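With the sequences and hints as input, model every part of the structure.
Chains S and C supply the protein sequences, listed in that same order.
Okay, so the first sequence: first residue is 1 according to this note's numbering, each after it adds one.
Okay, so the second sequence: first residue is 1 according to this note's numbering, each after it adds one.
Incorrect hints may have been included.
Okay, derived cross-link-like pairs now, SDA-like style, lysine to any residue, Cα gap no bigger than 25 Å in a straight line [stated by the list, open to error]: (1) C/Lys-201 to S/Asp-34; (2) S/Lys-324 to C/Lys-356; (3) S/Lys-127 to S/Pro-77; (4) C/Lys-127 to S/Glu-269; (5) S/Lys-157 to S/Pro-320.
The set of hints was computed from the structure by calculation and includes no laboratory data.
Because the structure is a prediction, the values reported are computed rather than measured.
2 protein chains.
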Amino acid sequence: MTKQGFGKLASLPDAKKILYSLVKDVSSEEIPLDDALGRVLGKDITAPMDVPHFRKSAMDGFAVIASDTFGASQTKPLELDIIDSITAGVVSKKKLSSGKCIEITTGAPLPEGADAVIMVEYTEKEKNALTIYKGAAPGDNVIKIGSDTKKGDTVIKKGVILDPRHIGVISSFGSAKVTVKKRPSIAYFSTGTEIVQPGEKLPPGKIYDINSATITNAVKEQNCELIDMGLVVDDKKKIKDALLEGIEKADFLLLSGGSSLGGEDFMVEAVDELGEILVHGIAVKPGKPVLIGKVKGTLVLGLPGYPTSALSNFYILVVPLIHKMLGIEKKKVNVRKKLTRKIASTIGRYEFLAVKIDGDYAVPVMKGSSSITTLSESDGFLEIDENTEVLNKGDVVGVSLF
Amino acid sequence: MTKQGFGKLASLPDAKKILYSLVKDVSSEEIPLDDALGRVLGKDITAPMDVPHFRKSAMDGFAVIASDTFGASQTKPLELDIIDSITAGVVSKKKLSSGKCIEITTGAPLPEGADAVIMVEYTEKEKNALTIYKGAAPGDNVIKIGSDTKKGDTVIKKGVILDPRHIGVISSFGSAKVTVKKRPSIAYFSTGTEIVQPGEKLPPGKIYDINSATITNAVKEQNCELIDMGLVVDDKKKIKDALLEGIEKADFLLLSGGSSLGGEDFMVEAVDELGEILVHGIAVKPGKPVLIGKVKGTLVLGLPGYPTSALSNFYILVVPLIHKMLGIEKKKVNVRKKLTRKIASTIGRYEFLAVKIDGDYAVPVMKGSSSITTLSESDGFLEIDENTEVLNKGDVVGVSLF
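Printed below as a string of structure tokens:
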């Protein structure tokens, strides 16, 4: 039953192409804006109105006709009559004519006839008489109609992950609802006779399950719906049952362990017997033993058993897949740092290299893929493409942050 | 009732000092590890055991005594007897002696006597006879005890925001629980007669409330407990009632609007009458009209009414305050970009400048603080300190990402 190697490894781009072909774009749903944080916008937001939709004062002060105030200064103040006083939210019934002014607070609608606001700091008020110590030009301290957004402008594009700023923009149009992509559902289980769930006693030769913790939390962090199937023992019947259950419940099924070359690796056989294996082994480091299969048309993605490999492959395979399903257009910000040592990489193999950031430097963390602390001690990672054989000390590299 | 200016503005460092003096460090609680994502670690994690706690195979192959294999090659293979076959999680009862080997899968405990593993790829198995085509040095493909973590090592420091990597490390020790900081509770309300909640009809001169959406979501994004008190109209009695309710329920109270200099600004009076105003006006741009007060010993922090100012002050005042309460030691990664234009700043005033990132360049987004789209169109921000008067085109600046 021992297999003699993986055969030909798929390249990362080919593996991604296959993954992408096995999932559907998720559909959209309308939800309350209050629940929108972290969700992915399902359709472009086009401004239904100008914001602001009326001229308003940018300052506390007095609405004036600018030409009335020309030449006013500390040594040559001018006087105006105060004919009304309005606050934000209140529309003055008065119309301004020459020699008059209206007291106004920040955000209040500019009265008819007014074309500027003089800040309260440059005035002195005595009953209904206002002394002004500084002139205003037309438009001074006036917020123009549509200065924030103009009616019809596309202000947020679909595929954006909504954060407080975007939700604020949607609020400014008075919308209490928003159309977002549904959350992809991902089922997950770990396999392996050697693994024991945290909280239980550890028999000789066994280790605690790490991948359940890392992968289920990585799924949650991507704001997907997690169907946590826990630990399934290395028994072909049980694995088959779990595979069938997982593909029934979720958009796709993730699992870890059981896809290397060991004698106990029922996973490969189970997928093969229930469906089809499309890729077994990807040219990435760490994490060659990746399994891509489909069962009843649904994607089954087996991540490597090593914790670092499982999580790094989640970042390079699963995150892009989720983004694809959601249509996420995430702008990648290039954090550029200098490498502190030479890194030899293998031609033909895509490499994920964990790094610590120290000021302007990227320090490779090299404890090996069996070590979960490799990732917990780093700040981000480099991706070294298939065609790069060496990165030299001092090379400037782009780092993706965790 | 109109006030003639703010008086002396507090510097940002002074304002922060006062804020910090008004909050207590939050206490810790033990929670299930499954709920730990995004929570802040409450005490250092020290490894209670070596991980791994036994020598194990890094590969699928055959456990051997390395010296038995010296000199084996493709042209000069050697033979060994296979005396057992073990998989991960299983301890072999056999002890290895010279000339023997044990079939082993990745992760399985190394048998007694063995000191190396030969990868399956370099072997040929025929019943109980193994032909090996490559020699092994002692330690080859063996994962050492404690190679991931050593018993007694501090592996995660308190104050870290737990992500999948950290949760994986904690799992590796078999812990199903973790001690985290309690989530700070923050009450929030907006004020202003001019604002209307999204979903309602918009009367003349009024605008939709943006700050409720941005600030409540910013609180949620910081993983704090939000007590959302909605919109409180500009009426001193109602504001006083809301202030008293908010400080009762939360670690501190945030509010926005009502802290500028307008005639309807009951906020300042309400805080003054119920407690004490400590700061009114901070030397930051945008967002001078910040109010810091205390009522019955609890912090009341009034953010500016302008949406961009409210949110930028949240980032420069409230986020550091939350980090202080939680003891978060967040490593700041410096994203360095070149400015595309000259920026004049005011000496004595700390400036928050929103920027879009375009490759290696930071492009200032300058639509003004009344505009919420200033932030939604940008990728991050620069902080320009009080002593900087000008940043030149081409200057390399550090950008904090949203």
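Tested hints:
1. C/Lys-201 to S/Asp-34: Status holds; Cα separation ~18 Å.
2. S/Lys-324 to C/Lys-356: holds (24 Å)
3. S/Lys-127 to S/Pro-77: Judged against 25 Å, a Cα distance of about 17 Å means the pair holds.
4. C/Lys-127 to S/Glu-269: holds (22 Å)
5. S/Lys-157 to S/Pro-320: holds (19 Å)
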